[in-house]
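Undergrad: Chain by chain, the residues run as shown.
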Amino acid sequence: MEDTLFKILDYGVYGTAVLVILIGLYGALVKRSLLKIVIGLSIIDSGINLLLVAIGYLKGGTAPIFSPGYLDNPKIMVDPIPQALVLTAIVIGFGVTAVALALVIRLYRHHGTLHIDEIRNLKW
Amino acid sequence: MPTLTFSEKLSRFIVNSVFMMLVWIAFTSSFATHELIVGALTSMIISYLSIRLFTCCTISIFNPVKIFYMIWYLFVFLWALINSNLDVARRVLTPSLPINPGIVKFKTKLTTNYSKMVLANSITLTPGTLTIDIVDDTFYIHWIDVKTTDPEKAFTDIAEQFEKILLKIF
Amino acid sequence: MTIIITIALSFMVLGFIFSAIRFVKGPTAGDRTVALDTITTIAVAAIVLLAYVFQRFIYVDVALLYAVLGFIGVIVIARYLEGAL
Amino acid sequence: MIGAAVYSIRQKDLLYATIATGIISLVLSVLFYLLQAPDVALTEAAIGVALTTIIFIITIRNTVRYEDEHDNKEKFKSGVK
Amino acid sequence: MKKFVVILLLAVMGYYISITFFDIGFGDSHLVEGVVPVKDAYLNETVNSLNVANTVTSIVVNFRGFDTLGEVTVLFLAVTALGGILYKKRHQAGERSVLFSASKVVTSGSKLLFPAIVLLGAYVFIHGHLSPGGGFQGGVIIATGFLLMLLAYENFTVGHNTLSVIESLAGITFAGVGIWGLIYGGSFLENFLPVGTLNDLFSGGVIPIIYIAVGFKVAAELTGVIYTVLHEKG
Amino acid sequence: MSIMEIIGGTFIIIGSIFLFLGALGIFRMPDIYNRLQAGTKATTLGGMSLILGVGFLEPSWMMKMIIIIIFIAYSNPISSHALARAMYKRKRYPLILSEDKENMDAYSEVNPHEKEEVKS
Amino acid sequence: MVGTPVLFVAIPLLAAFLIPLFGMIWKESVRVIPGIVLAYLLVLAINLMNYVMVNGPIVEVIAGWAPPLGINLVFSAFSGFLVTLMVFLGLIVWMYSYRFKRNVDFEPAKKYFLLLMMLITGSVGMVLTGDIFNLFVFIEITSISAYALTAFYTGRDSAEASFKYLMLGSLASAFLLIAIMIIYSQLGTLNMADIGSKMHLMKPAYKIMAIIFLFTALGIEAEIFPLNGWAPDAYAEAPGPVGAAFAGIVVKAAIYASIRIIYTLFDLSGAYDLLIVIGMITLIVAETAAIRQEKLKRMLAYSSIGQMGLVMVAFGMGTEEGVFAALFLMFNHAIIKSLLFLSGSYLVYNSKDKLIKEVNGIGKFLPITSFLFVLGSFAIVGLPPFAGFWSKLSVLTAAADSNMLLIIALVLIVSIIEVVYYMRVVNRIYFFKKDESVSTQRPTLNALIAMITLGAIVLIVGFYPDAVTGFLHRASADLMDKAGYINDVLTLN
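Protein chains in written order, with our numbering: chain U, 1 to 124; chain P, 125 to 294; chain C, 295 to 379; chain V, 380 to 460; chain D, 461 to 694; chain E, 695 to 814; chain Y, 815 to 1307.
Watch out, some of these pointers could steer you wrong.
In the SDA-like style, the derived pairs of lysine to any residue whose C-alpha atoms are separated by at most 25 Å in a straight line are [said to hold, decoys possible]: (1) Y:Lys1296 x Y:Phe1277; (2) D:Lys462 x U:Val30; (3) D:Lys564 x P:Phe201; (4) V:Lys391 x C:Val318.
Quick caveat, the hints were computed from the structure, so don't treat them as lab data.
Just so it is clear, the structure is predicted and the values come from calculations on it, not from any experiment.
Excised from the complex, chain U in its bound form (with noise of 0.2 Å):
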């Protein structure tokens, strides 16, 4: 039973987190609607979150915690560290996703438009 979910995730995991990461791109990149460039952000975001923790995990391994019946057994727990990270992570890319928001607000406010093309009065 085991086995066959270890053989689902032994690969394609990492798979998936590219792939999450490369589709984010190209919304960010190729779409000229701002609230999606804001979407495609967020997606990349989840993307690494997914990563990192893949990157932390041990075959047959379990949660770091030590509750009643797994105190005595830390070598078949997986890496707590990128889960720490990840913790952080996900905060603060929630916090960055409102200021972004917020700005989309307000660009629409002075410009009436979400679309990149009619706002872009700066150059690059």
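For this one, chain U is given, so just place chains P, C, V, D, E and Y on it according to the hints.
TA: What follows is chains P, C, V, D, E and Y alone, placed relative to chain U:
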């Protein structure tokens, strides 16, 4: 927001704290002393802060008769839920989709908001019906297989069994 | 026991697939939200079942959270569709 | 999850894209859970289930719902925005 | 044309990232030979000298507590930035976030559920060192409860001053505990309380205190975010 | 295999079948209200029964399982009710198959129909 | 020793949480508290610098765990020098913007000063930290403050500039996280010294991937060429003092981080060549772009990017003279570019488009401000008696020592371009006729004091360069000493 007398506040506070405490014990699933102390403190603080919000019932809810009716209601409700699921299964699995949907209405005798809410939830989970709106006393029900459009008959079909018990509880 | 859990999980995966199809097809926003709601419930069940598979009681907290908060997301969308927001 | 991501990028209606991000978050949370990271799954669940949705939806309410500007004008004329 | 170039670029990038990570390998130790990873030390110290069950919590709050301080600050800054970006000279009179209340089912339901959600949040951050979860998650849950109330009622308000007072007090608690550790133990955020026994509610020394402070702070901040954003009328 | 395991396994199988049927119902039903009907009921009971089954397999988990069940049973109907009301206000009128179109839609006395059907 | 380096982060954070509370009681406190904090930090920095000059670097440990486990802060001669510079500039910017434009109202003032303080704190944290993930957190603190400050004015384009910055910034943080994870998956640690000591074990392919991602990420913050799209817009649309803070503080921190990574973490020799090539391209592109600008602040921004390219080139030489020259350039650039931004924003105070032609003949109306601007222009192009001359000279000698003749030629050509566009502005200030439609604004007293302090420093360093070169030699020696750094951090306890 209505102003509350002291006794009302006290009774709400007690009811609220007891419920919170039960929920806390369910969350922790443990009877260690520390957990119970912290749980009691937390539930008291929260119930004190939300004393205006949690207005479901007074201390009289601990009356044994009411508790008996509550348990009975639970059984009636579970029976209806299982029935409704068999009903859904039958409809979904039949290739021709035997449905005849429509919206009917009926009036209820319940007065408080909470009892209406419980009734609406029960109706939603029982065979073939889905509450769409409550306007004052009138329930508007989406019925997957309309048997009658007369409010009285619809009431007997859909909600009577629940309302009888709910009237006793609230 | 293993075979029972395998069967249950495969049923859930099938359910997920059907909901996903409804999500992609669904003509209105409401249909898509119904699909989201269903997927949330399936996820709650799956998380509890997997907690049993992994034999860790503390994992159940995740399911608890989804059970409590899952419907708030639906209400957000419903309130927007209602025109209240 | 990949499907939901592709969908939310390709969908013209931003509301549907937002609901799709909800599904991405849910699947992501289950994946974290499978990778034995309940802490992260809990965080992703708590943030993704309602908070992200509400800020996206409020932005949509304050701006436009359709990616294509022409669509918006059509909808605006017929009174449903 | 631009699309094509971007896709090509992404394909190249994706190829290189993929081969790197596939080469690193999934699900087993991929360290360079002869390196002792930090995680072993973390796992041992967590049980043996801190007596905290959840290693992730001990890392987030104690070993790498500085990151958490920064993270809380990021949220605080996000609230400030939202206020700054969406600032208007004066609010129009009668401006409401939600136009009308929801139906009776939703209002009564959320009224009943609200204390339970807050209790769940409290449970999550009080038990942060024993079970998954902690300050952030608990705070987010409480903020979601407030979101529910704000959505269901047209005239539910949250005191803006109360929020900022709670936020400031919680932040001061966090930084103050850190500075107390500096004075008492010699380094910032050092633990100065007895650590208790493993898997007991009162264990882990200073960790639960910090997590409770973080919980209050995150709850106040996110409620502030929701409140600010809800009152923004385009 | 003890008696508890048999009970738990039965509940789990029943639950998963109902979850699947709920999803199938969402897939097959013709309009949003019927989908909500199928979705809410079947998934609620399915989830409840499956979680109860796990509770039987591990009796010490029972209390938490019951609280999860209570929350599911409490919040699912609320959300589907809110969604149904929102869709009606959004002018997505229910599909009516029978001849008697006037009486079959009682809710139209509160929210009168408008001619034009709008894509939502 | 009077304090520990952790106070550089802890005290501003404590103050940031206190400001809303005090703001309810006494409204002026939202302006006063950041000033007090920055002044205290300056005193602290100077004290710690004195200590470090005598006793060697301070390594501070957080939460009582020795470095591979806990996070550590390093206050060495190099980082301490930059911290002192940043805190000093922060104080100047604070004094300048005490009652600047929108800061008069209570709510905006509260947010402005809070964000400004956090911007400085984040940059200081970036310089001090010895942990690679902590670096990420501080970068995020800095960038969020920067996004909000860029969009601080409610004009049309400020939000656009800020959005552009935000987009690139989030890509940067994504890349940074990927790089961190590649390194972590191989070495199992996040501490910079620990990574540095184990880096030779890593496979070269991974090293290249990691350094590409790291460099892309930090390059966005440090305005390196293909990634500097955000910079001119952000500089031009942000409030004047914030532009100075960007040029003087944020970019310095980003440069520090990338240099620390290349010098201490990695042992790739190709990285130095990469630095030189990228720096040269940045230099040429930015300076040629600067000459075409019509807006004053955009011109200054492109000039700033060009200077950063020059700093990169100097670091890329890899010799101790090169590092010394780069540090000298950074110091001069921080002081002079801040002076230019501060005085320049009074020159175009009331105009809407901030065009260069609007400064015509302004020398008669604002004599002191114009004089300071001209002083800054002369100094930055490297005319002999001013500060910029010595730094350019040191770059040239360092290049000559390493036999890099191409760099010498390049620096000379670029200097000529700089002379052209700066002298154009100076020419307009003094020898053109005033356009009557443009109204001028006299600087307030605190702004004047701030600008004059900077001008005085420019003059002092110009006539007496030995005032800083001692520190700089010490700092550059410190940067080159990789083994010493690793030893200091890892042998704690």
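Undergrad: Evaluate each hint against the coordinates.
TA: Consistency of the hints with the structure:
Distance restraint check for Lys1296 (chain Y) and Phe1277 (chain Y): the Cα-Cα separation of roughly 34 Å exceeds the 25 Å cut-off, and the hinted pair is therefore not satisfied. Pair hint Lys462 (chain D) plus Val30 (chain U) holds up; C-alpha atoms about 8 Å apart against a cutoff of 25 Å. Restraint check for Lys564 (chain D) and Phe201 (chain P): satisfied, since their Cα atoms lie roughly 21 Å apart, inside the 25 Å limit. Straight-line distance between C-alpha atoms of Lys391 (chain V) and Val318 (chain C) comes to about 13 Å, which keeps the hinted pair within the 25 Å bound.
Checked against the numbered hints listed earlier, the structure breaks hint 1 alone; every other hint is satisfied.
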